[in-house]
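Enquirer: Sequence:
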Amino acid sequence: MTYSNYPSTSIQAPFLLLRKLFKPVGPLLLRPETTASGADCEQDKTMGGKEMVQSPRPDDEPSASTTILGAPFFSRSSPRRSSTLSTLLPLYVKGRPALPDVSDSDRHSLSTPDNSSVTRGGHMRHESGDTVVTPSTTTGEPLPEEKADIHDHGRRRGLSDEVEDLVAVTSDEYQRYERNQTTQKYHWDEYIIDPLETDFTRPEPQNEWKLHVHPEGFIYFHNESREIPILTDVYVFDGSALERLEGYIEGIFGYIRKTSIELPTDICLVLESRNSRRYGYYFVDHTAQCLFWLDEFDAVDFLTPVRVEYTPSLVYHEMKALYWLHNEYFSDMRPFPEAAVLELKDTILHAIGDSLTSPSSTAPYTIDTLTKMLEVVEKIEALKSGSPKSVSIIYRFLHNFCHEKFLQLHGERYARLNAEQSIHPERPKTILMKLLSPLLLYGPEVHLRKLKEISVDLLVKGHRWTSFLQEVTDEWKEFTLYATVLLNANVAFLAIQSVDGSAPPHSRSAMQRASYFSIITSIGTIILGLLLVRQHNTTLNSSFLANRSASILGLETLALMYSLPYALLLWGFVSFLAAFSLMCFSSHDVLTIIMITISGAVLLSLLFWSISVSFEKKPFWYPWLFRRFQSIIQTEGIRAGSGRLKPRTVPASRMLSKSATESTIVERS
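Take the sequence shown: its position 398, counting from 1, is numbered 398 in the UniProt record's numbering, and each next residue is one higher.
Keep in mind the hints are simulated off the structure, nothing from the lab.
Mixed in with the good hints, there may be bad ones.
Heads up, simulated BS3-like pairs for lysine-lysine below, C-alpha to C-alpha not over 27 Å straight-line [claimed, not checked]: (1) 405 <-> 450; (2) 452 <-> 477; (3) 389 <-> 345; (4) 405 <-> 389; (5) 210 <-> 379; (6) 429 <-> 452; (7) 379 <-> 405; (8) 345 <-> 384; (9) 345 <-> 372; (10) 384 <-> 320; (11) 384 <-> 450; (12) 389 <-> 379; (13) 320 <-> 429.
Using the sequences and the hints given, assemble the complete structure.
Expert: In structure tokens, the structure reads:
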């Protein structure tokens with residue numbers, strides 16, 4: 001990798017500084033320590049993060065080191081990544097972790113809070129949609145005296161630094177489903193099949209590559225002619241695509257020969273052409289059941305769902321999940337995983353038992369789904385065919401359950417033992433919730449509690465969210481029906497002659513105003529209920545709640561919105577009751593006033609009594625007014641006092657056995 005060399009002047013520094021300020025994404029200005037140069041950068045929006053690339057100028061010359069405005073440059077974190085994660089995944093070299101070599105100043109910059117994350121993809125270039133960049137390759141064997149020391153981090157650069165436009169990715173970032181291959185429409189007048197034609201086989205590649213078809217339908221290619229097997233989705237029938245792929249392969253193997261890296265034995269290399277026109281790679285260690293790279297790899301992208309202090313055992317759960325995901329993508333490359341199938345059956349059986357005995361189980365699926373999954377696994381195990389169609393399902397199940405172990409901190413100190421348990425401190429309520437909740441008759445409190453139970457630590461179970469949506473939509477439908485009845489009651493109430501004639505000229509009476517308010521709240525309940533039911537039955541999924549739960553304000557505003565039909569309906573009933581009471585009190589009939597007063601007082605007492613049940617946290621023995629006299633009231637049953645399971649025995653030190661006593665008497669005689 002080379003950078004442009006230009007004479008350094010005192011005028012260039014302000015322009016470079018302004019350019020850096022107006023382009024804050026990624027490392028924007030790169031120049032050698034004694035020269036100055038600029039580069040245009042861009043983002044590659046992929047599943048795993050942002051890739052920053054730079055294109056060298058035609059007159060580039062190699063330089064020893066790179067700086068940003070005079071400061072040593074090694075890496076910069078992308079805007080969406082945490083700047084505090086300094087622990088990176090190791091490489092596998094001779095069974096020991098080995099990271100790409102960096103200088104002392106670079107290691108110091110990595111350990112600082114501002115520059116602790118390594119930008120994925122190594123170097124940078126400016127690229128356009130119609131530009132194809134041929135990777136630089138490294139050929140030739142290294143000299144004996146140049147053999148790299150895997151522990152000397154100041155002498156060896158990463159693979160992405162040596163091979164241009166190569167970036168380390170994971171199997172989760174593999175863009176198989178994002179490429180969206182398209183083709184033109186063909187309108188054939190006729191398409192002839194020759195007589196006796198029975199050969200409809202697909203042509204094989206004319207080189208070392210072998211074609212495979214995944215059960216889902218897409219094709220990939222396998223090459224075993226190299227010392228390391230290679231897997232790729234690149235369409236090798238295309239000559240230009242194959243030439244570019246071979247260039248990257250030569251660059252990778254040249255880097256391995258140059259640095260004399262000793263890799264594990266049972267491994268394979270995966271390469272893909274990404275939408276950014278760069279190439280992604282990762283290695284798979286089938287013995288350790290994990291991925292690895294020949295670069296320092298910023299793992300914060302796939303570790304972000306769990307915001308804790310990461311440990312090797314916790315990271316391994318996700319690495320193993322990525323390994324099973326790789327096997328799902330290339331399902332006919334490995335023999336039938338009998339040991340993994342047994343482990344999968346045990347995991348599913350435990351999840352079924354846990355779901356049966358615990359209402360807040362951490363199982364990722366419902367009991368019905370787990371039972372069906374177990375049936376599928378048992379049928380596949382009985383076949384033992386090793387067919388990629390059935391084995392890919394096994395790998396998918398293994399990936400899901402390993403990923404769930406990572407999310408629930410399986411085997412860690414702060415493991416989550418039930419689905420409603422948060423491993424982080426509870427966030428306090430905001431002023432908005434404290435002010436609006438009483439106005440909405442504390443309806444948001446119920447919805448907020450349920451939403452917190454569903455979205456614990458930004459983790460949302462799909463089946464729990466679906467169950468909650470079913471419950472809340474049924475509730476909104478009932479409120480809409482009640483609001484319709486209340487609307488009809490208000491219209492009939494206003495049609496009463498005494499109510500209509502009670503208003504002074506050019507004005508309205510208090511009972512009419514209360515009824516008008518009830519009509520407005522009823523209409524609001526109907527409209528909001530219909531909108532919420534339609535919205536939550538069609539468009540919103542569990543990712544919506546996960547995004548909302550990122551902040552406490554997101555959940556609180558959602559709880560406030562969900563409680564609006566309930567609150568408006570109750571306010572409508574209260575205002576209608578007020579209008580009816582005003583009509584009765586304005587009748588000047590003493591008997592009617594007494595009857596309404598007594599019945600209203602009884603109704604309020606029953607209302608407060610029913611509400612008080614929600615606040616009881618201790619065993620209920622007597623009504624609240626009589627709890628002060630509980631000691632005086634006779635208790636049901638017999639007063640038994642204190643008791644003991646068995647009579648107290650005399651301590652052994654104070655007892656003499658009969659034989660010992662007799663022997664003492666004999667001696668005295």
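Enquirer: Please go over all the hints and tell whether each is borne out by the structure.
Expert: Outcome of the hint check:
1. 405 <-> 450: holds, 24 Å
2. 452 <-> 477: Cα-Cα ~23 Å, so holds.
3. 389 <-> 345: holds, 19 Å
4. 405 <-> 389: Between residue 405 and residue 389 the Cα gap is close to 26 Å, so the pair holds against 27 Å.
5. 210 <-> 379: Cα-Cα ~30 Å, so violated.
6. 429 <-> 452: It holds: about 12 Å lies between the C-alpha atoms, which stays within 27 Å.
7. 379 <-> 405: Roughly 25 Å separates the two Cα atoms, so the pair holds.
8. 345 <-> 384: Satisfied, since the Cα-Cα distance of roughly 15 Å is no more than 27 Å.
9. 345 <-> 372: holds, 12 Å
10. 384 <-> 320: holds, 23 Å
11. 384 <-> 450: Answer violated: residue 384 to residue 450 is near 44 Å, above 27 Å.
12. 389 <-> 379: At roughly 13 Å apart (the allowed maximum being 27 Å), residue 379 and residue 389 satisfy the hint.
13. 320 <-> 429: violated, 38 Å
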